[in-house]
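J.: Here are the chains, one letter per residue:
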Amino acid sequence: MRYLWLVGWREFMENARTKGFWLGIFLFPVIILVSGSLPVLLAKKGVSTRHYVMIDQSGEFAPLIRSNMDRRRESEVDDALVDFARRSPAPAELAPFVTPGSSNRPRASFDLKGWKAKSGSNYTSLPGFSVPRATWLEVPLPPEIQATNPIPTVETQLRPWLRGEKILPASEAAPNPKLFAAVIIPKDYATATNDSAPLRYWSDNTADTSLRDSIQRVLSDELRRREYQALGVDPALIARVESRRAPVTDLSPRKAEGEEKVGLADRLRQWAPSFFVYLLWVSIFVVSQMLLNSVIEEKSNRIIEVLLSSVTPGELMLGKLLGVALTGGVMMSAWIGSIAGMAFVQARIFASAAASGAAASSLANVPTDVLSLFQTTWLLPGFAAYFILGYIAYATIFLTIGSLCNTLKDAQNLMGPLMLLLMVPLFLMPFIPRDPNGPVATFFSWIPIYTPFVMMNRITASPPLLEVIGTGVLLVAFDVFVLWACGRIFRLAILRSGQPPRIVELFRWLRNR
Amino acid sequence: MAQPALELRNVSKFYGDFCAVNDLSLTVPAGCIYGFLGPNGAGKTTSLRMILDILRPTSGSIRILGAESALQVRHRIGYLPEEKGLYKKMKAWSVIAYFATLKGLSAAAARTRAFELLERYGLKDFAHAKTEALSKGMGQKVQVLASIAHDPELIIFDEPFSGLDPVNQGVLEEIVVDLRNRGRTVLFSTHVMQHAERLCDRLVIIGGGRRLFDGTVTEARRTIPRRVRIETDDDPAPLGRLPGVASLKAEGSGGWEVELLEQADPQLILRTCFEHSIRLRAFNAADPSLHDVFMKLVGPSAREASFR
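Just so you know, the protein sequences line up as chains X and E, in that order. With my numbering applied, the first sequence corresponds to residues 1 to 513, in that order. With my numbering applied, the second sequence corresponds to residues 1001 to 1308, in that order.
Looking at chain E on its own, in the form it has when it is part of the complex (with noise of 0.2 angstroms):
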């Protein structure tokens, strides 16, 4: 196996006290879109200071591109922060090309590539504009584009989706699935569950500074129990008896919600409606999405957090 783009081993960061992150060790393969997902204040943007160096972990130890520390191999990361801003009186394209001279390209060449970017996603009309005469969304497009210009290989984008419009996000989204897909490794958190849902190769869902889950986005689905939704106005008793059915929940109305174990075929419901004569009048048996895991993983901590 190719050498992991990121490995951290057992890091952890304290504030005084306080424990943001908490013994956390992942390994993000290169070449893949990997998702970094928790709910508010569950660490990310902690996490991703202490793999970007500009925070120190506590504890724990933090291995990058190869390198000891992300300053080391700084040229080949692309870094977006969670809260965008941008120099208010600098044109577009050399706001990009002074970041991507900052990641090592000539003044010539940074110059060159912030036009090319800035005209294949659509922002030509703007490259002498000011950044303070962008809308927000297309400052960000072009921040993202700062963080992009010098061709990293491991790109780090924090909540690169919040606040742009649905028509900004799908554009967002084919850059990443485009810096994936010629061989780079895209590492982004967020916690909106779709565009992980849709994007990621693999995640981590942290909470509370802990790693919840680690995997890819099938393997997560597994880790709560597949439900069917059915309707019916017989009774559905005999369903509960099935090896398979874990539990039986009437939902009022007619509505029934029948929890699966993990290796039971849904086609069994079906089979034993039809054996005992339990007419159906809807029958629903959706996988879990990313959003049950997340919730049923964080959920109650998250709550209690956000309530603190």
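Okay, chain X solo, but in the shape it has when bound (with noise of 0.2 angstroms):
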């Protein structure tokens, strides 16, 4: 047992040396925290200011699409108002509208309506409050283009500017804006059929079809409009039907009758599986591709030989399964740690917020819910407890196919199939909360090297006991087999030079004595 511990100590102490390890635990929870808060940083700052042209040949369409994109707008500038006047404190111009949020509505609201109302839209006298940049921004035609042209002589004008060879004025929102798209609208387009005169979009940049698709949905109603029109419809009536939605709302049986409403908390509840089930994955992954390069290190160097005049072959085995299971654990509590310490503080924060009454955020819940989720009686056990079993079998599979080769490659060969394996849990992972306790869920919770992974994917779903109970007992038995034919492979294989074994060979290796 000493020398058991002092393998393990030996392999963790390496471990920790390295600067991937502390890399690897400061770096999770920072891009947990980057990844959660960075998109809401950048739509504030990150996307610059698309600037494009229009030109509208048949001079009918140009005034509806504008006035869509001037309504746009306004509701960008609306939505960070709105944002604005529910983060603590609301300046004094706003406060008259803003009702702060309680138990049972946490986030506050704020009476736009009202407020426009009053104050006329005067969103720049508002002390503390930036109007966000336009993200689209229409520029007149450069003056040597002429908009009435005809078309194939506007767009090869137009094309240096969509190449950004040529730069537009600087405007107020970018010192030497380029031109993001041309939106030309063709003489006959009211009357055109179908595909031959279509509306031309220009862009250099195919990804964002934001402002394509709202044009063409203004269009697509317009048209619409005066066929109905046409045909001798009421526009208004067209209108109150399409308005027209089927109401629904999602309710959950698990909740306290009167809460019944299925929130974000909720939401969480059912998705944090899927978050462990990730963790497990990428800890048990990366602590056993530790394992397969110290073997080989190990056994490339010959060091294997010192070692097996002074250990025997299981207590090397398992002195060095119990090293990195503690890199493994150390890591892995890091991390769960990091987070629920992240949430604690977070939790502790809103709640001091919404009691000196000031509007909690829209997400001041979250961290609540993350914390409870924490407190959920079997998450943590359960992810304790799939964790070992999982790395077990993983980790000494691993160590096996290390004791095998002699270098890396070698490895990355062997490692192949078994890598495919390996990526079946992460594909079923988006499937298996949907339908926790159905077939497949089912059918790949009795496969032991997918147990972990898949039970700890339904464990907030209630699971029928005795599917809980019998996996484990499978996947504790499938360990204790893995531990036994591995240690037998180990043994013959951890001496041996040259090429890895053939398959027929390791079954001959398992037979013998």
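FYI, nobody ran anything at the bench for these hints, they're computed from the structure. Hints are supplied without guarantee of correctness; some may be wrong.
Derived SDA-like pairs (lysine to any residue); straight-line CA-CA distance at most 25 angstroms [what the hints assert, rightly or not]:
1) X/K113 <-> X/P132
2) E/K1089 <-> X/F12
3) E/K1136 <-> X/T18
Under 10 angstroms between C-beta atoms, here's a sample of chain E residues computed to sit facing chain X [stated by the list, open to error]:
4) R1049
5) L1052
6) A1070
7) L1071
8) R1074
9) H1075
10) L1080
11) K1088
12) S1094
13) Y1098
14) T1101
15) L1102
16) F1115
17) A1146
18) S1147
19) D1158
Only some residues are given here: those of chain E computed to face chain X with a beta carbon under 8 angstroms [to be verified]:
20) I1054
21) I1077
22) Y1079
23) P1081
24) E1083
25) G1085
26) Y1087
27) K1089
28) K1091
29) F1099
30) L1105
Bear in mind that the values here come from a model prediction, so they are computed numbers and not experimental data. Heads up, the beta-carbon is just placed ideally off N, CA and C, and yes, glycines get one too.
From these two lone chains plus the hints, build me the complex, please.
T.: The following block contains the structure:
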């Protein structure tokens, strides 16, 4: 036992001394934090204003599009204002229109219409509120281009701008703006049948289609409206019919009476296991790789011979498993601990903000939900148990592969098929929470190498007790088998040099003695 | 007689049909330096691994320090394998200390011992260097120290001299002699005869997995006839008729090689030359070297093996 510990401790210290280990420990929470807040930050600051020109040779549609783009811009500003007003503390000008959140309605609300009516939409006079930059900005045509020229001529002239070879005059949004898109509406757009004279949308960027889409929507609406009108249908009637939506409310039987509404917390509860599965996968994978590398190092250095003159192969194998499990355990605890810690601190901040009567942000309850998730009885113990059991199986297999190979390259060849098998839980991850006790989930739960991942994924959906125990027993039995079989192979393989043995040979090793 | 440190009885090892070690028996008395000689592929490393119980013999028995298996007495054995390697990221002292703790020393004692050894053998300044930063020779020295850090009774070195420069070979020879002088048993394999000749109290020569010789260096030398080289312009034919002379071979330009029977005295040649007025330009009656013995015993089979 002392030797297990010595081998394990050295293994742990070796890993703990690497930069990768500490980077992993600190980087993970940072990534979580950044990926949580980055989209918000980016939405605020990142996207620069995109400039476009519009040539409407039909003369009918440009005003429609312009008014639509204006509305879009207005709602952009309004959204920013609502966010601003909800953030505590709201400035005095807005305070009368803000209703602070309460225990059953944590979000504060802001009466936008009321404020607009009173202030006349005077955004600029609000202290502390900066009007966000416009996402889309129509600019006038460069003076050398005649909008009335035939389309091919205009387009030829526009190309250098669209390619970024020519730069638009500086605007307040950008010092040297590029032309992002050009919208050209042909003369006979309204009368043309179907595709004979389409709207021509030019842009170097084919990924961001939001301008094109919203123009298409406006024009489709308009063309439909005209057609309805031609058919003698009242447009107001159509608007009324189109505004009809089939109402749906999400309810959950798990919740107390009167609070059945499914909120963010419930969604989180349902998807949290996926997060843990991912964590499980990453950790088992990272840790097993460490093990593989360390065995190959010992083998290719022939340190293994010295070790084997001091400890038995069994002690060596279990010691290494222990050491790397320690590494993984520390990493995992640090990760989960830091997330729980972050959630806790944030929850405290929001709680004190709420207590002081100020409006809580829309995300105020997320940390509390995360915290309550950690307190959910089975999530953490389940994670620990499945981590250990899954780890034993995978780490032992990786260790044995390491013992069969002399170089990392040999090992990678053998790992190929195993990696494919390991990918399966990742592919399954999105499907399991949708039907946690369905046939797919049940089927994969009974395959020992997938049990930890799939059962972890199902853990908050109260799977049948029989299945939990049954798959658990099977997993333990599988672990025992893997330890036994791999111990045998390890003992013979570890001193072998040259090519890895063939599968047939492995079976012979298992049967002998 | 004291209990031998190591005893092999009719040990054989087969890999499938290939016979690596064939019916090998030998006895290593306690407190001596024992050489394990043989050409490449003779079965040296396999034998050593069986002695250490890293490999199991196919048949035969091994007694080591009075035990059935080296694992039972592993704390009393030190081992330096043929291919040298260390944990690259570990510091010199901690490698030595780690292997010593695996041999039963407490962490504190192992640490003290590591620094003590590094200082004694001139590596004090490198104690805190990572082993990957050490030169090959230094790394090997560290490994030697790691194998003796727990002060074992029986030390097994597999090709300890390979890769060391002459100065460090000298240091290693000192270590080996040191160990013997303190009553330890050292078993080392080599194919460099000079080391064996200088160091070994006893030696075994194996070839093709078989034992070809077992005994002292002097006994080894006696296995081949002594030769005397002479140079003369006269006819040395009378020498060929002497009772103690086995053969007389011309080597060209007046050189002759006279092969003596075991009990013959080289002085006889001198006397006969004088009596027959054979004028000698040179007379050289050196003992055969271990190299000659080795070449005679394993030469043909080793040559064959290397071209296989």
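J.: Against this structure, judge whether each hint is valid.
T.: Taking the hints in turn, this is what the structure says about them:
1. X/K113 <-> X/P132: Cα-Cα ~19 angstroms, so holds.
2. E/K1089 <-> X/F12: This hinted pair holds, its Cα atoms lying about 13 angstroms apart.
3. E/K1136 <-> X/T18: Distance ~24 angstroms between E/K1136 and X/T18 Cα, so the pair holds.
4. R1049: holds, 7 angstroms
5. L1052: Cβ of E/L1052 sits 5 angstroms from chain X, so the hint holds.
6. A1070: Status holds, d = 7 angstroms.
7. L1071: holds, 6 angstroms
8. R1074: holds, 6 angstroms
9. H1075: holds, 8 angstroms
10. L1080: holds, 8 angstroms
11. K1088: holds, 7 angstroms
12. S1094: Holds - the Cβ of E/S1094 comes within 10 angstroms of chain X, reaching about 9 angstroms at its closest.
13. Y1098: Nearest chain X Cβ about 6 angstroms off; hint holds.
14. T1101: Constraint on E/T1101 satisfied, holds at 5 angstroms.
15. L1102: OK, holds: E/L1102 within 10 angstroms of chain X, min 4 angstroms.
16. F1115: violated, 18 angstroms
17. A1146: With a closest approach of 7 angstroms, the E/A1146 hint holds.
18. S1147: holds, 7 angstroms
19. D1158: Where the cut-off is 10 angstroms and the nearest Cβ of chain X is about 9 angstroms from E/D1158, the hint holds.
20. I1054: Holds, about 5 angstroms.
21. I1077: holds, 7 angstroms
22. Y1079: Hint holds; E/Y1079 Cβ to chain X Cβ min 4 angstroms, cut 8 angstroms.
23. P1081: holds, 4 angstroms
24. E1083: Holds - the Cβ of E/E1083 comes within 8 angstroms of chain X, reaching about 4 angstroms at its closest.
25. G1085: holds, 3 angstroms
26. Y1087: holds, 7 angstroms
27. K1089: holds, 6 angstroms
28. K1091: violated, 10 angstroms
29. F1099: holds, 6 angstroms
30. L1105: violated, 11 angstroms
In summary, the numbered hints that this structure violates are 16, 28, 30.
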